[in-house]
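Participant: Spelled out, the chains give:
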Amino acid sequence: MEKTLTYFQEKKQKSEWITVVSILVFILGIVLLVISGETTWIMSLGLVLAAPGFIGIIVGIVLFNRTISKFKSMYLKDYFSTMIEEGVYRPKKGLSQSEVYACGFIKRADRFKSYDYLSGRLDGIDFRSSDVHLQERQVYTDSKGNRKTKYVTFFKGRVFQFDFPKKLDHRLQVLERYRPRDGYKYQKVDLESMAFNKKFNTYATDSHTAFYVLTPHFMEALMKVEKNHPGKIGFSFFDEHMRFAINNNKSTFAIMPFRKIDEKLVEAFKEDVEGLYEIVDDLKLNRNIFKEE
Amino acid sequence: METWQILLIIIVVLVVLIAFWYIGTMNGLRRGEVKVSEAESGIDVALTKRFDTLSKMVDTVKGYTKHEAKTFENVVKWRKGMPDDLTLEQKQEFMQKLNQVQADINVAVEQYPDLKAEKVFTNLQHSIADVEEHIQAARRLYNSNVSMLNSKIVSFPTSIVASRIGMAKKPFFEAELEKRADVKMDF
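From first to last, the protein sequence lines stand for chains L and H. Just so we're aligned, residue 1 is where the first sequence starts under my numbering, counting upward by one. Just so we're aligned, residue 1 is where the second sequence starts under my numbering, counting upward by one.
The hints are simulated quantities; they were obtained by calculation from the structure and are not laboratory data. Heads up, a few of these hints could be off.
To be verified - Quick list of in silico lysine-lysine cross-link-like pairs, DSSO-like style, CA-CA up to 27 Å:
hint	chain 1	residue 1	chain 2	residue 2
1	L	K167	H	K35
2	H	K56	L	K167
3	L	K167	H	K116
4	L	K284	H	K49
5	H	K152	L	K188
6	L	K166	H	K119
7	L	K198	L	K232
8	L	K167	H	K119
9	H	K152	L	K198
10	H	K116	L	K166
11	L	K166	H	K56
12	L	K284	H	K116
13	L	K167	H	K49
14	L	K185	H	K35
15	L	K166	H	K35
16	L	K166	H	K49
17	H	K170	L	K188
18	H	K169	L	K188
19	H	K119	L	K284
20	L	K188	H	K35
21	H	K170	H	K97
22	L	K166	H	K91
23	L	K199	H	K35
24	H	K152	L	K199
25	L	K166	L	K232
26	L	K198	H	K35
On a predicted model such as this, the values are computed, not experimentally measured, just so you know.
Given the sequences, and given the hints that come with them, work out the whole structure.
Facilitator: Right, dumping it as C-alpha cells:
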C-alpha cells in the first residue's frame with residue numbers, strides 16, 4: 001500500500017512541478033513580449049518561452065488529473081472494497097437523477113452532475129451515496145443591456161440512501177432550511193423537543209408517521225448527525241429508505257494540488273466512511289427488530 | 001362626517017373584528033379538538049392491533065404450555081377485543097392489562113427455548129415490537145395535540161371563547177398508569 005501511495009505521490013508531484021515551472025516560463029515569456037517594443041530578439045525570446053510554457057501548463061494539468069483519476073480508480077477503489085462489505089467505489093459515476101430527487105426536497109436542476117459513487121453494506125445496512133453538483137440557469141441583463149445566461153450552483157455536497165428498519169406508508173421529511181418539493185400534501189409537525197423543532201422543520205403526510213419515526217432517541221441522533229456534518233442538511237423517510245443530503249459545498253474525495261497523497265490523506269477518507277458507520281449506529285438503522293424473517 | 005357617525009363606524013368595525021376573532025378562535029379550538037379525537041382514534045387502532053397480536057402470541061404459547069396460566073385466562077375473557085366506548089382512563093387500564101399479558105408471555109417463553117426459536121413466534125415478537133412503537137407514537141401524538149389545545153384553552157383571551165363554548169382541558173394519556181381501585185372493566 002505504502003509503495004503505491006508513494007508511486008501516486010511522485011507522479012502527482014511531477015505533474016505539479018511541470019505546471020508550476022510552465023506557469024513561470026509562460027509569465028516570463030509574456031513579460032518579455034510586453035516589454036520587447038521594437039526589439040525583435042526579445043520578442044522572439046518571449047514567444048519561444050510563452051508558447052512552450054502554455055503547452056507545459058496544459059500537459060501539467062492533464063497529468064495531474066490523470067494521476068488523481070488513476071489514484072481513485074486503482075487505489076481508493078481497492079481500499080473501499082476491502083474496508084466496506086460489498087463496497088463499490090466508482091469515481092466517475094454517481095447516483096441517478098431519479099435517486100437524487102427521490103429525497104423529495106432537492107430542487108430540480110438545469111445542470112446535473114454526480115460522481116464519486118460509493119455503496120456497500122454497513123453493519124448489515126445497504127447504502128448508496130455520491131457527490132452531487134446541481135446548478136440552475138439564470139438569465140440576467142448586463143450593464144450594456146445585453147441578456148446573458150449564467151449557471152449558479154445551488155447544491156454541492158453528498159446524497160445518501162440507507163435502508164430503514166421501519167416500513168413507512170407515509171412520507172416524512174426533516175429539513176434544515178429546505179422545504180418539500182415532491183408535490184405531496186405535507187403538514188408541518190411539531191415534536192415535543194423544542195431544540196429539535198428549532199433546528200429542523202418536520203413535514204409529514206401523516207402526523208402519526210412523524211411520531212413513529214422520530215422517537216426521542218432518534219431525534220437526538222439526528223441532531224448529532226447534523227452537528228457532526230456542517231452544512232445544510234435534510235432527511236427524508238419513505239417506504240423502507242432513509243435518504244439524506246448535505247449541502248456543504250464540498251467534494252468528499254477531492255484531492256487538491258500540493259496536498260500529499262499519503263497515509264494521512266487516506267486516513268481522512270477512512271474517517272469519512274467511519275462517519276457513515278457512526279450514523280448507522282447512532283440512528284440504530286441496524287436494529288431490524290420490526291422485520292419479519 | 002359627523003362625530004357620532006365616525007364613532008358608530010368605529011364601533012361597527014370593532015364589533016365585526018371581535019366577531020371575526022371569536023369565530024376564528026372558536027374554529028381553531030374545534031380544529032384542535034378534532035385533532036385530539038383523531039389522535040385518540042390512533043391510540044385505539046394501535047391498542048386493537050396490539051391486542052390481536054398478543055392474542056396470536058398467546059395461541060402460539062398455549063401450544064407449548066399445557067398448564068392453564070392466568071395469562072391465558074385473562075385473554076380468553078377479552079375475546080371480543082377492545083370495547084368501543086371506553087373512556088381514556090379505561091383505555092390506559094386496558095393498555096396496562098396488555099402489558100401484564102405480555103410480561104406473562106415473556107416469562108412463559110423463557111421456560112420454553114424451542115418456542116423462542118420458532119419462526120412464527122419470532123415473527124410475532126417482531127410484530128409486537130413494531131405495534132408497541134406505534135402505540136408510543138400514537139400516545140405522543142395525542143399528548144402533543146392535547147398539550148397544544150390545553151395551552152390554548154387556559155390562555156387569555158382564548159380562554160373566554162373556550163369557556164363560552166364549554167370546552168374543558170383534555171386529559172393526557174399516561175404511559176404508566178397507577179392502579180386505581182375504582183375503575184372496573186368487564187369485557
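Participant: With reference to the structure, classify each hint as holding or not holding.
Facilitator: Against the structure, the hints:
1. K167/L - K35/H: Holds, at about 24 Å.
2. K56/H - K167/L: Answer holds: K56/H to K167/L is near 22 Å, not above 27 Å.
3. K167/L - K116/H: holds (24 Å)
4. K284/L - K49/H: holds (25 Å)
5. K152/H - K188/L: The given pair, whose Cα atoms are some 19 Å apart, holds under the 27 Å limit.
6. K166/L - K119/H: Holds, at about 20 Å.
7. K198/L - K232/L: Measuring from Cα to Cα gives roughly 14 Å; hence the hint holds.
8. K167/L - K119/H: Holds, because 20 Å separates the two Cα atoms, which is no more than 27 Å.
9. K152/H - K198/L: Holds, at roughly 21 Å.
10. K116/H - K166/L: It holds: about 23 Å lies between the C-alpha atoms, which stays within 27 Å.
11. K166/L - K56/H: holds (22 Å)
12. K284/L - K116/H: Cα-Cα ~24 Å, so holds.
13. K167/L - K49/H: holds (16 Å)
14. K185/L - K35/H: Satisfied, since the Cα-Cα distance of roughly 17 Å is no more than 27 Å.
15. K166/L - K35/H: holds (25 Å)
16. K166/L - K49/H: Status holds; Cα separation ~17 Å.
17. K170/H - K188/L: Roughly 23 Å between the alpha carbons, so the hint for K170/H and K188/L holds.
18. K169/H - K188/L: holds (24 Å)
19. K119/H - K284/L: holds (24 Å)
20. K188/L - K35/H: holds (14 Å)
21. K170/H - K97/H: holds (23 Å)
22. K166/L - K91/H: Roughly 26 Å between the alpha carbons, so the hint for K166/L and K91/H holds.
23. K199/L - K35/H: Since the Cα atoms of K199/L and K35/H sit roughly 25 Å apart, the hinted pair holds (cutoff 27 Å).
24. K152/H - K199/L: holds (24 Å)
25. K166/L - K232/L: holds (25 Å)
26. K198/L - K35/H: It holds: about 23 Å lies between the C-alpha atoms, which stays within 27 Å.
Every hint from the earlier list agrees with this structure, and none is contradicted.
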